[in-house]
Structure formats: C-alpha cells, structure tokens
Amino acid sequence: MVDNQIQLIKVTVDGIEVEVEPGTTILQAARKIGPEVAPPAMCYYQPLKGSGGKCRACLVRVAAGSAKDPRPMPKLVASCITPAQDGMVVENFSSPQVLDARKGVVEFLLLNHPLDCPICDQAGECDLQNFAFEHGTSATRYEEDRRTFEKHDLGPYIQLHMTRCILCYRCVHTADQITDKRVHGVLGRGDAAEIGTYIEKAIDNDFSGNVIDVCPVGALTDKTYRFKNRVWFTKPVDAHRDCPTCSGKVSLWYRGSEVIRVTARKNEWGEAQEFICNTCRFEKKETADWVIEGPTKISRSSVISANKYRADLQKPSFGDRVAAAEYKPIDDKRDTSQLGIQQLPPERFAKTLPSAKE
Amino acid sequence: MTLAERMYLPAILGGLGITIRHFFMKKPTIQYPEVKRYLGPIFRGHHVLKRDEQGRERCTACGLCAVACPAEAISMVAAERKKGEEALYREEKYAAVYEINMLRCIFCGLCEEACPKQAVYLRHDRMVPVFTERDQVIYGKDRLVEKLDDRYIRNNPDAQATPTEPTLSRSVG
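Sequence lines, in order, name chains A and B. FYI, in the numbering used here the residues of the first sequence are 80 to 437. FYI, in the numbering used here the residues of the second sequence are 2 to 174.
Quick caveat, the hints were computed from the structure, so don't treat them as lab data. Treat the numbers as computed from the prediction; the structure is a model and nothing was measured. A virtual CB, placed ideally from N, CA and C, is assigned to each residue, including glycine. Be a bit skeptical, because a hint or two may be false.
Straight-line alpha carbon distances no greater than 25 Å define the calculated BS3-like cross-link-like pairs of lysine-lysine that follow [claimed, not checked]:
hint : chain 1 : residue 1 : chain 2 : residue 2
1    : A       : Lys-302   : B       : Lys-84
2    : A       : Lys-307   : B       : Lys-142
3    : A       : Lys-307   : B       : Lys-84
4    : A       : Lys-302   : B       : Lys-28
5    : A       : Lys-307   : B       : Lys-83
6    : A       : Lys-111   : A       : Lys-89
Computed footprint of chain A on chain B, listed as stretches where at least three residues anywhere in the stretch have a Cβ under 8 Å from a Cβ of chain A [as the list claims (entries may be wrong)]:
hint : segment
7    : 19-29
8    : 59-70
9    : 89-95
Please take these sequences and the hints and turn them into a complete structure.
This is the structure we're talking about:
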C-alpha cells in the first residue's frame with residue numbers, strides 16, 4: 080500500500096519549501112509556490128513537449144543538489160529542464176549570482192532585438208519586455224548593426240517580423256505537436272538562423288494561428304489585428320462558442336463594442352492551455368458569435384489593467400491606512416446651534432472615516 | 002482727536018498723494034490679447050505633434066501618451082504607412098487620428114514625458130485659446146501637427162537622448 084503511493088520530494092526555493100512529485104522540474108516546483116519565486120521563462124512553454132533549455136532566462140543556482148548529496152551544483156542550471164531532487168535547495172531571486180547572470184541573458188537576447196516597441200503589436204503583453212524590465216539594465220552597450228532579414232509572407236493571417244525573433248523554437252514545437260504537418264522551421268545556423276517557411280510556403284493549417292499566442296515576442300503577430308490598437312486600450316473578456324474543431328474557449332479583446340482580436344486564454348504564466356482553431360481566432364469577430372463569460376483576470380501590475388475601472392476593483396488600502404493613522408479628531412466646542420449648520424450625526428461621520436484596523 | 006485730525010484734511014491729502022503717486026508708477030497691467038506676457042521656458046501650453054528634420058511626422062501612435070494621461074484626454078487611431086508615404090511619416094505605423102480633449106487636459110506634461118519618439122510637446126510659448134463652442138474643444142491632427150512654416154523649437158540643455166531616439170535630443174527643432 081505504502082509502496083504504491085508516490086513519494087513526494089521536498090524542494091526549497093528561496094527558503095520556501097514545497098512538496099512535489101518526482102520528476103517535476105525546478106521551474107514547475109517554483110511555480111507551485113507562486114510568482115514571487117518562479118523564475119522567468121522565455122522559451123519554456125509548459126503545454127509544449129520538448130520546449131525549454133534554450134533561452135537561459137530561467138537560470139537558478141542549486142545550493143544543495145539533494146538530501147543524499149548536498150554538494151552545490153558547480154554552475155547555474157536551467158530550471159525548466161532540470162528535474163528537482165529530494166532535499167534540493169534552490170536559490171533564485173535570493174542569489175546575486177543568478178540576478179547577475181540574468182542581466183547578461185537579457186543583454187544577449189536584446190543584442191539583435193530591434194527597439195521598435197512603439198510600433199510592435201506585442202508591446203504590453205511581451206515576455207521579453209517584461210523580462211528586460213524586471214531583470215535587465217536600462218542602457219545597451221551594443222553598437223554594431225542589428226541583423227536584418229528578407230521579408231517573408233506567411234499568408235493573410237500571420238505576420239512574421241524575423242528581426243524580433245529570439246529563436247525560442249516555441250512556434251516550431253507548436254507546429255510539430257498540434258498541427259499535422261509543419262511547414263516552417265528554423266533555417267540556417269548561428270547568427271543567420273531564422274524562422275521561415277521553406278520555399279516561402281504559406282502556413283495553412285487549422286491551428287496555425289496558435290504560433291501567434293506562443294510567440295514570446297512580436298515576431299509572429301496577428302495580421303488581422305495589425306496596428307488596430309494597443310493591448311492596453313483593449314478589454315479582454317472570456318468567451319466560448321461551440322466549435323467543431325477546438326475547445327472554443329477564448330479571450331475576446333474589445334475596443335468599445337467591437338471585437339478586434341481573439342486569442343487563446345492564457346494562465347498566470349502567459350501560457351495558453353487550450354489551443355484554438357483559426358476559425359475562432361480570425362473569422363469570428365462578432366459578439367453574436369460568442370457566449371460571454373466575464374472579464375478576463377488581469378494582474379493589477381499589468382499595463383492592460385491601466386485605465387480600466389471595474390466594479391470589483393480593489394484599491395490598495397495603504398492610503399486609507401496612512402490617513403487613519405494620521406487622523407486627529409478635532410475638539411470643536413463652539414456652539415453651532417445658532418449658525419444653522421447641518422450637523423452630520425456622529426455615526427454617519429464615523430462611516431466616512433477610514434478605519435485603521437483594516 | 003485734535004482739531005486738525007478732526008478736519009480729516011491731512012488724511013485726505015495723504016490719500017490723494019498716494020493716488021497721484023500711482024499715476025506715475027509703471028503699470029503692471031498689459032493689454033492682453035494684443036500684448037502677451039513671456040510665459041517662461043518651461044511653461045506647458047498648447048500641444049504640438051512634432052515633425053522631424055525632414056518634415057515627417059514623428060508620432061507612431063504607440064499609445065504611451067494616452068495611457069500616461071491622468072485625465073484620459075488623448076485618443077488615437079493607428080494606421081499602416083503605405084508605399085509612397087515615406088516622406089509623410091517616419092515609421093511603419095502612424096496616427097491616422099490623434100485627438101486631445103482640451104476640456105479634459107490638465108496640462109501636466111506627462112504625455113510629453115511618456116513619448117518615446119519625442120513627438121508630443123506642450124509648447125512653452127503658446128496657450129490653448131479660449132473656446133466658445135463645444136466643437137472647438139477636441140483638437141484633431143489639423144490643429145496639433147506642427148506646421149512646416151511654424152516650427153516649434155525649444156532649447157533644452159537638460160534633454161537626454163532616449164533609447165528609441167538615440168541621435169536626436171530635444172533641443173533639435
């Protein structure tokens with residue numbers, strides 16, 4: 080009986096212990112604890128098998144390899160492909176060595192990445208933007224010309240900006256695993272490596288649009304959404320429809336009453352769990368096509384939540400608490416009965432005061 | 002009170018003296034619509050959408066000014082630059098519609114700070130004129146884009162190059 084049970088292993092990430100199943104990667108164990116300790120990931124995409132291990136964004140320091148062999152690992156390891164061991168002690172944000180290495184990773188990823196965020200449709204939901212903002216430096220040391228490519232046309236739905244690509248291979252894995260036949264891949268080696276369709280063959284598959292969702296940067300974007308709007312002016316809404324080919328669960332992005340974009344629903348790590356078909360993504364852009372479930376949850380720190388006021392908006396209580404702490408009741412003993420000033424009853428007055436206990 | 006004080010004559014004369022002295026003093030008043038006061042080097046007045054040295058519009062409709070605007074006064078619609086319009090717009094994308102609601106605008110200058118392309122400025126030498134009709138309130142591109150014969154130049158020694166505008170400092174007109 081006991082033997083059949085899976086023995087959970089204990090992993091410590093940044094001083095927080097978590098129990099996970101054997102075979103879990105360090106990244107998954109850290110994500111189980113929460114976003115405070117989860118390493119960033121640029122190429123790893125949980126629903127795609129074989130992804131990860133390329134971008135080095137998720138490097139962590141292993142301070143103790145396991146309970147049996149508590150020696151630290153000699154080099155920083157990529158947490159997305161390193162399995163956790165029982166008694167492993169991992170340092171992520173608490174290690175200055177890791178933070179320093181990430182700064183270098185950001186610098187390398189940005190070497191050939193153009194600074195066209197003001198034009199790019201991905202700006203605001205771009206993994207590289209977030210990663211560089213959180214872990215990078217504000218200035219670049221790179222002086223040489225960035226690489227350029229010949230323009231490839233990927234058909235009417237998908238726009239390829241090869242200059243923005245960071246070669247994470249997510250789209251290649253997507254095409255491999257959820258479409259029958261992939262017609263695009265990485266051509267060339269080293270600096271000349273590029274995503275392309277061999278002999279300029281356009282992607283035409285029912286699920287080809289998912290490469291837009293998995294792309295961490297703006298290299299693959301929605302052509303039907305091209306320059307329509309910025310993500311932070313649009314309002315995401317969860318919706319579904321009966322789709323014969325896919326699950327039909329999507330996020331609709333509204334501008335006013337108009338659906339300007341349809342994407343797969345993403346979880347808190349920015350990963351689409353259920354891939355959607357091209358019909359849902361590109362052709363159903365009427366509210367009447369969908370059953371609305373409610374607003375998509377967006378973290379307060381995201382720019383997408385800027386200038387949006389929901390009924391259930393939770394404002395931070397810090398200001399109220401400061402006001403309550405600094406409040407001094409005024410001892411006003413003047414006789415106001417002659418003045419004709421309407422006095423608030425005390426209980427009504429107390430309601431308007433912020434409470435320090437909150 | 003003494004008799005002299007009771008006659009109020011010294012007080013009247015004193016008052017008249019002040020009045021007469023003011024006749025000869027420098028007038029602080031200016032004849033406003035005809036004469037305008039210097040607003041200072043950092044006054045935040047009329048918005049302007051800058052053009053670059055070659056007369057191309059700098060704005061790429063990135064939306065950062067609108068998201069930075071605390072009064073939500075700015076709105077825009079982006080469009081893709083077509084072939085042959087390279088002399089009109091600097092980047093691939095441009096603002097087809099760019100509107101500022103001057104009733105909402107509080108002239109805080111956050112749009113100017115947010116702009117990565119150094120496209121929107123609040124002129125230090127010109128105020129937004131008084132309006133009398135409602136349809137004069139929303140300023141479109143026709144009233145915001147810099148006219149080529151009326152370039153706006155501000156010399157700002159504190160200006161720094163931004164990552165997206167590494168070569169152009171704000172002092173360049």
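Verification of the supplied hints:
1. A/Lys-302 to B/Lys-84: 18 Å, holds
2. A/Lys-307 to B/Lys-142: Satisfied, since the Cα-Cα distance of roughly 18 Å is no more than 25 Å.
3. A/Lys-307 to B/Lys-84: 19 Å, holds
4. A/Lys-302 to B/Lys-28: 65 Å, violated
5. A/Lys-307 to B/Lys-83: 15 Å, holds
6. A/Lys-111 to A/Lys-89: Since the Cα atoms of A/Lys-111 and A/Lys-89 sit roughly 12 Å apart, the hinted pair holds (cutoff 25 Å).
7. 19-29: Per the Cβ count (0), the hint is violated.
8. 59-70: Since three or more residues must qualify, the claim that chain A covers the segment 59-70 of chain B holds, with 7 doing so at under 8 Å.
9. 89-95: The restraint on the segment 89-95 of chain B holds, since 3 of its residues have a Cβ under 8 Å from chain A and three suffice.
Of the hints listed earlier, those the structure fails to meet are numbers 4, 7, in rising order.
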